[in-house]
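Using the hints, put the two standalone chains together into the complex.
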Amino acid sequence: MRIKYVMLLCMLCAMSACLQAQYINWNTTDSTFDQWVSLSGSVENGVVFDAGYAHKLPVQKLPLFLDIHLMTLSGEDIGDDMAITAGVQTLLVQHGYWGLSANGGFSLRRNENVFARMWAPGMYAGVAGGYYRTHFFLLAEVGIDASIATHIQHSEAYLGQYPDAVSGWYGPFPGGEWSFGITAGSSIHTLDISLSAGILRNMDITSIPLIPFYGKLGLAYRF
Amino acid sequence: MKKFLGFVGIAWLLLQLSACLQVDEPGNLVPKTVDEDASLPAIYVNGVFLHAEAFGPPDSTLVIVLHGGPGSDYRYLLHCKDLADAGYRVVFYDQRGSGLSQRFDADYYLDKREAALDLMYDDLSAVIAYYRTSADQKVFLIGHSWGAMMATAYTGKHPDDIQGLVACEPGGLHWDDVRTYISNEFEFGFWGEQLNDAAYMDAFISTYADAHEVADYKLMLMGSENNITGEHNVAPASSWRAGAIINATFLQIGETYQPDLAEGIEQFHTPVLFFYSSDNMAYPDSWAERITDVYDTVEVIKVNGTGHDGIITDAEKWQTVTMPHILSYFQSR
Chain A
1 MRIKYVMLLC
11 MLCAMSACLQ
21 AQYINWNTTD
31 STFDQWVSLS
41 GSVENGVVFD
51 AGYAHKLPVQ
61 KLPLFLDIHL
71 MTLSGEDIGD
81 DMAITAGVQT
91 LLVQHGYWGL
101 SANGGFSLRR
111 NENVFARMWA
121 PGMYAGVAGG
131 YYRTHFFLLA
141 EVGIDASIAT
151 HIQHSEAYLG
161 QYPDAVSGWY
171 GPFPGGEWSF
181 GITAGSSIHT
191 LDISLSAGIL
201 RNMDITSIPL
211 IPFYGKLGLA
221 YRF
Chain B
1 MKKFLGFVGI
11 AWLLLQLSAC
21 LQVDEPGNLV
31 PKTVDEDASL
41 PAIYVNGVFL
51 HAEAFGPPDS
61 TLVIVLHGGP
71 GSDYRYLLHC
81 KDLADAGYRV
91 VFYDQRGSGL
101 SQRFDADYYL
111 DKREAALDLM
121 YDDLSAVIAY
131 YRTSADQKVF
141 LIGHSWGAMM
151 ATAYTGKHPD
161 DIQGLVACEP
171 GGLHWDDVRT
181 YISNEFEFGF
191 WGEQLNDAAY
201 MDAFISTYAD
211 AHEVADYKLM
221 LMGSENNITG
231 EHNVAPASSW
241 RAGAIINATF
251 LQIGETYQPD
261 LAEGIEQFHT
271 PVLFFYSSDN
281 MAYPDSWAER
291 ITDVYDTVEV
301 IKVNGTGHDG
311 IITDAEKWQT
321 VTMPHILSYF
331 QSR
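First to last, the sequence lines map onto chains A and B. Under my numbering, the residue at position 215 of the first sequence is numbered 215, and the numbers go up by one with no gaps. Under my numbering, the residue at position 22 of the second sequence is numbered 22, and the numbers go up by one with no gaps.
Pulled out of the complex, with its shape left as it was, chain B reads as follows (with noise of 0.2 Å):
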């Protein structure tokens, strides 16, 4: 009998396990991709299917919105749609391997050591050009942190074919800039909350090689609030999907091949637009004059009363202080 019983246990637990949901499935535990699911918007440009959505009059001046990280989303931006009401062909796009756009391996990036980094503006190219309608249509980039160094690198590379820059809080430009603005921006304490939850998570899931589904759930759960910053993550829909592949593969090839991000930025000679915020104690006033110190011709515009990412995502702020500077400086363009 007590064979029997220890049987049927067993087998009930095995049952109970195979019906278990997989931390790997699309959907379950983070949304599915673009090249997952046909319904979300979507283009297929240089070898990448990006999520993607425009708006506003398709022949008026490009505006094109690059989303920090890397490995974020544009979710936080969509501020900026009402650059599209004011006249703008405003464009956002999930960058390769972030948010709601196509994922590649480990691998795939780092083989391509730092290269890798020019797949990145590759891709805003073709999506320049997916967008653009006519070649005087004047291009406009707004860049918040990661976007922001990838703008700013971007037009140094191609300072002819962008007609205006706006920087909101680029961490570094120069690789040691940037290495210094991680260090500075975290508060993983040894003892803290936030590194207990994460590393103890690893007893819950465990992350294995290319399992994205895994690595971004995990890093979604990671990035809650940051005290430094003043960053509030925890605000419904502030992302879709965090891309911890490109993350950390980005982070280890910038670490080995440290590419200056600030390459070639002297030789556009428009003024750019910059922004920083107050509440961002990794961004003193010190920080945004040393940031700024490559740019050509700057106006730097500090934003009181909130962090890293409220200079757009901070409705207020965005409507009485950055949207009027951006629009003001576009037209001056």
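Bound-form chain A, shown alone (with noise of 0.2 Å):
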């Protein structure tokens, strides 16, 4: 059954290949649901697709979650822009239907054009709050994700143009965002389907990336 439902995702991944998940429904935290993968596709910072897996870590107070991603942009390179994430989700706060949940970890990102090739330890966190039934759910979110420094490495073709750009780690905290948004989900059995949008800011709130919005849609299967 559980095979089923992951050959579904990839099913409609391939079909759709703009699928995003984002956020599961908290209200089913009282189920025996122990791990989730997700499919999801985005614009943020580019068009993104995004594979994820989470495990439940064995911890009494909270439900906590290991959540690791694999996340690559559109492009007629695959893979040479992409990163990598990996922190913790959780449900901090439950009253009733409402729930407030939070998310943290640590990013590593590559980016790579003619010029240069960029590498990108980051940080990244958010919470998420609103409304859960055990349909659907709808919530607020505020995130940052900012890297802590960025290692450019300059191409030839680049010193052809400037020979003495200089190659290294750049930072502290180079670049990075914070995401003002909302989120509605859909929840068909343990099967969590959402939607996403809203507005990215740079670090000092005031000034913005070149796309100044993201949009996201994604699939998340408890199991």
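It is possible that some hints are incorrect.
As the list claims (entries may be wrong) - Part of the chain A face toward chain B, derived, beta carbon under 7 Å:
#1 GLY46
#2 SER147
#3 GLY175
Claimed, not checked - A few chain B residues facing chain A, derived, Cβ under 7 Å:
#4 VAL23
#5 ASP202
#6 VAL234
#7 PRO236
#8 HIS269
#9 THR270
#10 PRO271
Simulated from the structure, these hints should not be mistaken for laboratory data. Ideal placement from N, C-alpha and C gives every residue a C-beta, glycine not left out.
What follows is the structure in structure tokens.
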């Protein structure tokens, strides 16, 4: 049965290539699931495809999940622009149908073009609070995602333009964004479908990135 | 022991971070500008330090070379130095906010509204005055892309001060044409590598208002090859440094005030020499006809086998097609 659902998720992803799971329905935390897989597609600093896996950690007080993601961006060179993240996600507070979840962790990003290759270890954190029912959920979310430092290696092509360009570690916190948005989700059995949208702002809040908004569509299958 | 190791770890991390390079430190990611590096060739005119060079006999006919963009630089046009060997005084300069010339913040331009364009024309007048050695010294303009748009606009404002105009593939002159050309010349496909590379960079290096080094660097990284216009900006020595703020603000000003860069050009009765390329798919014959319609008299040359910048950057086309036509045109003036 589980294999059937996973296959269905893979098929949906292959058909759409624009799917993203972002949040799960915590209203089902009293059930027996302790893992989930997610697939998502989003527009946030590019067109991003994300595959994730989460596993419940043996913690008594909170439903704490280790959450791992692999992301790649659209383009002719798949894999040259990617990210991996590892963190935790939990339900901090639950009162009736209302709940507040939080997530945080570390990331490692890679970006490459003809002039430079960049690597950036980073951190992310976010909270999402809202209304959770058995078959749907509605959340408001705030997040921050920052590179701690960025390693830039200039290519021969760039050095052909500017021979004195300095390759190395740039920082601290040379890049990153705040996100403010909402998520609406629907749950069918153990399958959560979510749709998120919001705005992105640079770390100083006032300036904006090239794509100043985000939108995400995702699936998460709990088991 | 764990606390001690944690403390040491955090201290080590902070030490490492404090030793990081700064993205906005002049010279790290992009070259310094002339106001930051006194060793660069520069002139100070009209209240701005411009990266500028001149070649050839000082008293001979002035040929002012205007680069594209806005926000590009004159490095890719250096083949025009060959005109100095033919006896002309060839002047190159990076426009204000471009290349290695002095930078100004976005508000500096935006506050001037449509008059911001006059800054460019006033700079050109000042450059001509700086290099001119006598009142009867002839002045020819060679403009490429935005440089050709600017040269046309300047000539329309000063038809009696310019004795020859060479326009190489100006995208448009009436603003509607400019807008149409810009939308046709880029292939920022939603799923494409170029847009995603550009947008993803924000996760690595953020661009803050008027952080010129960062904005210029990111624009440099974005400008690689363009399969529509046939440009090859990855070739060595294609440019020194992009001017991101002037590029963005001038497009914003253009969209807001929709200047007509062809205004007054009908008063210029000297024949114009006009080049366009066969490999620029955004510049078909019909577009060349549309753009050249504003000139009173025009000689149109199609450079086959090259793209937008190849009219001048392609050494073979320059030597066999472009330069011979320019020299012939100059000699007839």
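To test your reading of the hints: which numbers does this structure violate? 8, 9 and 10
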